[in-house]
Amino acid sequence: MANQNVERTEAQPSSRKRFDVGGRKPTDSNLLTPYLFMAPYLVLFGIFIVFPIFYGLWISLHNWDYLLPGKPWVGLQNYVDLFTPGSVTFEPFWKSMEATGKFTLYSVPLLVVIPLLVALILNQRFLGRNFFRTMYFAPYVLGVAVIGILWRYLLDTNVGLVNYYLGQLGLPDDIPWTNELPWAWIALVGSTVWWTLGFNAVIYLAGLQDIDPALYDAAKVDGANRWRRFLHVTLPGLRPILLFVITVTILASANVFGQAYLITEGAPGDETQTAIMYVAQEGLRNFKMGSAAAMSYVLALFLAVISIANFALFRYRED
Amino acid sequence: MSAGVGAGFVLAGCGGGPEDNPAVQQQAGAGSGKEYNGPKVKLSFWNGFTGGDGPFMRKMVEQFSSQEKNIDVTMNTVEWPEYYQKVPAAVSSGKGPDVAIMHIDTLPTNAARQVILPVDDVANALNLKKSDFFPVVWDAGIYEGHRYGIPLDVHPFGLFYNKDVMEKGGLDPDKPPQDKDEFMGALEQLKGKGIQGFWVPTVPTGPTWIFMTLLWQYGGELYNEDVTEAIWNSDAGVDALTWMVDVIKQGYSPKNVGEEAELIAFQNNKNAFVWSGIWNILPFRDAGVNYGAAPSPQIGSEKATWANSHNFVIPNKRGQDPHKIAAAKFFISWISHNSAEWAKAGQVPARDSARESSTFQNLELQNNLAQELPYVHFPPSVPGIGDVQTQALDPAVNEVLLFEKESKAALDESASQADQLLKENRQKYQA
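Here the protein sequences come in this chain order: G and B. For the first sequence, position 227 matches number 232 in the working numbering, and the numbering has no gaps at all. For the second sequence, position 122 matches number 570 in the working numbering, and the numbering has no gaps at all.
Take the hints with a grain of salt, since some may be wrong.
Within a straight-line C-alpha distance of at most 30 Å, the following computed DSBU-like cross-link-like pairs (lysine-lysine) qualify [to be verified]: (1) B:K703 to G:K107; (2) B:K697 to G:K100; (3) B:K517 to B:K765; (4) B:K703 to G:K100; (5) B:K543 to G:K76; (6) B:K871 to G:K76; (7) B:K853 to G:K107; (8) B:K578 to B:K751; (9) B:K792 to B:K517; (10) B:K534 to G:K76; (11) G:K100 to B:K853.
Simulated coverage check for chain G against chain B, where a stretch passes if three residues somewhere in it have a Cβ under 8 Å from a Cβ of chain B [as the list claims (entries may be wrong)]: (12) 60-72; (13) 161-174; (14) 179-186; (15) 267-276; (16) 285-291.
Quick list of simulated restraints, FRET-style, between CB atoms [claimed, not checked]: (17) B:E861 to G:N260: 25 to 31 Å; (18) G:V48 to B:K856: 56 to 62 Å; (19) B:Q819 to G:P77: 46 to 52 Å; (20) B:E861 to G:P187: 20 to 26 Å; (21) G:G80 to B:E530: 30 to 36 Å; (22) B:E592 to G:R290: 21 to 27 Å.
Derived by calculation from the structure, the hints in this document are not laboratory data. All residues carry an ideal CB built from backbone N, CA and C; glycine is no exception.
Start from the sequences and build out the full structure, keeping to the hints where you can.
Laid out in C-alpha cells, this is it:
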C-alpha cells in the first residue's frame with residue numbers, strides 16, 4: 006500500500022491529465038481496453054463464481070433435487086429450519102458448525118505460530134538449509150486423499166504404526182486416535198499442521214526476506230537484543246503477511262473436509278463431522294440441495310463476518 | 449448443472465409416474481435379448497467393483513466382447529459411495545452409461561429420481577421369471593409395480609474364521625461356532641489363551657450390518673409395515689446392540705476397532721472371527737489366510753442375516769439408440785447366464801441355474817454362505833432409505849460401540865431422528 010502511494014505522488018506532477026494513457030486522447034476503444042484485458046478472467050469469474058452464487062441462493066429457496074421433476078418453492082423455510090430447534094437439520098447442522106469451530110480454534114493458532122518459528126529458523130544461514138526448506142514444504146504438495154489415508158492407517162488404534170512405536174517406547178499403545186475425544190481432534194489438528202505448515206512457512210519466509218536489513222542494524226545500534234528486534238522489527242514488518250496468513254488459515258480451517266472425512270469419518274458418532282461434511286452429505290448424498298445450499302450460505306456468512314473482523318482488528322492496530 | 453435443469457423442464461410436464469415418462473416407452477425397443485443382430489455398437493457399462501471382484505467382471509466383459517464382434521463393451525469402475533453420486537449426474541447430463549449395476553436397496557431411490565428405467569420388458573424379452581431366481585431377490589427389485597433391476601447376485605453376511613488362530617486357541621478349526629453358546633464358548637476359550645477372538649468394528653457401515661443381522665435374529669425389524677417409523681429401538685434392537693457392546697466389554701474384542709482393523713488383524717492371525725460380507729472371500733484368500741466361511745452364527749431366537757444384491761439396471765438416457773438397448777439386453781442376458789463365473793469373485797448367483805451349476809458347486813465357501821438364502825433380509829424398498837440409515841442409525845451404533853452412549857438411549861434418539869427423515873423423504877418423493 007505504502008509503495009503505491011509513493012509512486013502516485015511522484016507520477017502526478019508529470020502527467021497533465023488524470024486519464025491520459027500513453028499521451029494519447031482517450032477514445033472509445035481505449036475505454037474498452039482495460040475491460041478487454043480483464044475479459045478472460047471476468048468471463049470465468051462470472052460463470053464459476055458470480056452465477057453460482059446467485060443460482061445457489063435460488064436453489065436454497067426450494068426443495069431442490071436436480072433430478073426430481075418437482076422442485077417446490079419453500080421460500081425461506083430451509084433457513085428457518087436451520088434456526089428452529091427440533092427441525093431435522095437444526096441439531097446436526099449446528100453440531101457440525103461447532104465441530105468446524107473447534108477445529109478452527111485448535112488449528113489456527115498452531116498454524117500461525119509454528120510456521121513462523123519454522124520460517125525464523127529456516128531464514129538463518131546453516132548447512133542444508135535448502136534441504137530443510139524442501140522437507141518442511143514437501144507434505145503440502147500431497148493431496149488430502151493421500152494424507153488422509155496415510156494418517157488413518159498410521160493412527161489406527163489397534164494396528165497403527167504410531168501406537169506401535171509408542172508401545173516400543175514404553176508409552177501407552179492403545180490410544181484411540183481416530184475414534185475417541187479428545188484424541189480425534191489431536192489427530193485431525195496434528196495431521197493438518199504437519200500437512201500445511203510448509204505453506205504458511207514459505208509465505209513467512211518471503212515476508213522475512215522483504216524486511217529491510219538496515220532496520221535490524223539500526224535496532225542493534227540502539228541496543229535492542231534478539232527478542233526486542235523480533236518484537237519491534239520482525240513482527241511489525243510481517244504485519245501484512247500475518248493478516249494474510251491468519252485470514253487464509255481461518256478460511257482453510259473452516260472449510261475442513263477431507264481430513265475429517267477420511268481419518269475419523271466423523272467419529273465418534275458425529276462429533277468430528279464438520280460443516281462441509283454435513284453440507285456434502287445433505288446435498289450430494291441425500292440430494293437435498295435446497296437445504297444444503299442454505300447451510301452453505303449460513304457458513305459463508307459466518308466466514309465473511311470473521312474475515313471482516315480480522316481485517317478490522319489489524320487495521321485498528323495499524324492506526 | 450444446466451443440463452440437469454434442462455432435464456427437469458422436460459420431465460416437469462410429465463406428471464412424475466414412470467408410465468408418463470416418455471423415456472420409459474422408448475425402452476421397449478427392439479431385440480429379444482437372446483441374440484443381437486444389429487450393427488456394431490459400443491456399450492458403456494458402469495459399476496463399483498473396485499475390489500477383488502473388479503478383475504472378474506472385467507474378464508467376463510472381455511470374453512463377451514471378443515465373442516460378440518458387434519458389441520464392444522467398455523467397463524468403467526467407480527467406488528460405490530461416489531458411484532451413486534456420479535451416475536445420476538452423468539445420466540442427467542446425457543453422458544450416463546448404457547448399462548450399469550446398482551445395489552437392490554438403491555433401486556427405489558434411483559427409480560424415483562428417474563435415474564434408471566423400468567426393465568419389465570427386458571425381463572419379458574429375456575423370458576426371465578421369478579422361478580428362475582431366488583424369490584426374495586426377485587421381488588425386491590420391484591418399486592411401485594415396476595421392475596427396475598435384473599438381479600445378478602446375492603451377497604450375504606457370513607462368519608469368516610481363521611483356522612490358524614482357532615487352532616492356537618485350542619478350538620477345532622473345522623467346526624466354526626454356529627449358535628450363541630458355541631460362539632461365546634469359543635470366545636471364552638480364545639480369551640483364556642490371550643486371544644481377542646472377535647474384533648467388533650465400530651466405524652460404519654460394518655457394525656450397522658452386524659446390528660441389523662442381530663436385530664432380525666432377535667425378531668425385530670428396522671421399520672414398521674409402511675416404513676413411516678423406525679422401530680429398531682425395540683427390545684430386539686436393544687438386545688442386539690447390547691450383545692455387541694458386551695463382546696467388547698468382556699474383552700473378546702479390543703476397544704475402538706478402526707476401519708478395516710478387524711480385517712487386517714484377521715489377516716495377521718490376531719483375530720479369529722470376522723462377521724462380514726461374502727465379498728471378503730477373495731481378499732482373505734489373496735492375503736494367504738488359512739480360513740473358512742460359514743453361515744452367520746445364530747445369536748438370537750431365529751436365523752437371519754443381512755444381505756444385499758447387485759442388479760443390472762438400464763440408465764435413463766434420453767434419445768437412446770434402440771440398437772444399443774437391444775445390445776444391452778443381450779449383454780445382461782449373457783452375463784446372467786454365465787453368473788456362475790461371477791460367483792468366483794465372492795458372490796452367490798441370483799439365478800438358480802447358475803447356483804446349481806457345477807462351477808458354483810465347486811466353490812466351497814460361496815456354497816456355505818448360499819445356505820443362508822432362505823433367511824436373508826434386505827432393507828425395505830423405499831426411496832431415500834439409505835440416507836436414513838447413514839444419518840440416524842450409523843452414528844448411534846458407532847457411539848454405543850465406543851461406549852459414548854447406552855444402547856437404549858442411543859437407539860431411541862436415532863429412531864425419532866429417523867422418523868423425521870422418513871417424513872421428509874415421503875414429502876420429497878411424494879410416496
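To see whether the hints hold, each was checked on the structure:
Simply put, K703 (chain B) and K107 (chain G) have alpha-carbon atoms about 25 Å apart, close enough for the 30 Å limit, and the pair holds. A distance of roughly 29 Å separates the Cα atoms of K697 (chain B) and K100 (chain G); the hinted pair therefore holds under the 30 Å criterion. Proximity of K517 (chain B) to K765 (chain B) is assessed by CA-CA distance (about 24 Å); at most 30 Å being required, the pair is judged to hold. Under the criterion of a C-alpha separation no larger than 30 Å, the hint pairing K703 (chain B) with K100 (chain G) is consistent with the structure, at around 25 Å.
A distance of roughly 23 Å separates the Cα atoms of K543 (chain B) and K76 (chain G); the hinted pair therefore holds under the 30 Å criterion. Distance hint between K871 (chain B) and K76 (chain G) is fulfilled; the C-alpha atoms sit about 17 Å from each other, no more than 30 Å. Restraint check: the Cα-Cα separation between K853 (chain B) and K107 (chain G) comes to about 22 Å, which is no more than 30 Å; the hinted pair holds. The hinted pair formed by K578 (chain B) and K751 (chain B) meets the criterion: a straight-line CA distance of about 24 Å does not exceed 30 Å.
Proposed proximity of K792 (chain B) and K517 (chain B) is supported: the alpha carbons are some 26 Å apart, at most 30 Å. Using a Cα cut-off of 30 Å, the hinted pair K534 (chain B) and K76 (chain G) holds, with the two alpha carbons roughly 21 Å apart. For a cut-off of 30 Å, the pair hint linking K100 (chain G) to K853 (chain B) stands: about 17 Å separates their Cα positions. Note: the stretch 60-72 of chain G has 5 residues with beta-carbon separation from chain B under 8 Å; the three-residue rule is met and the coverage holds.
For a cut-off of 8 Å, the count of residues in the stretch 161-174 of chain G with a CB near a CB of chain B stands at 5, and the three-residue condition holds. Residues of the stretch 179-186 of chain G lying with their CB closer than 8 Å to a CB of chain B number 5, which satisfies the three-residue condition for coverage. Only residues whose C-beta sits within less than 8 Å of a C-beta in chain B count toward coverage, and the stretch 267-276 of chain G has 6 of them, enough to reach three; the restraint holds. Note: the stretch 285-291 of chain G has 4 residues with beta-carbon separation from chain B under 8 Å; the three-residue rule is met and the coverage holds.
One distance hint, 25 to 31 Å for the beta-carbon pair E861 (chain B) and N260 (chain G), holds here, with the actual separation near 29 Å. Distance hint check: the CB atoms of V48 (chain G) and K856 (chain B) are about 59 Å apart, consistent with the given range 56 to 62 Å. Checked against the hint of 46 to 52 Å, the pair Q819 (chain B) and P77 (chain G) passes, with Cβ atoms roughly 48 Å apart. The hint said 20 to 26 Å for the Cβ distance between E861 (chain B) and P187 (chain G), and at roughly 23 Å that hint holds.
For G80 (chain G) and E530 (chain B), the hinted distance range of 30 to 36 Å is satisfied, since their beta carbons lie about 33 Å from each other. A hinted range of 21 to 27 Å for the beta carbons of E592 (chain B) and R290 (chain G) is consistent with their spacing of about 23 Å.
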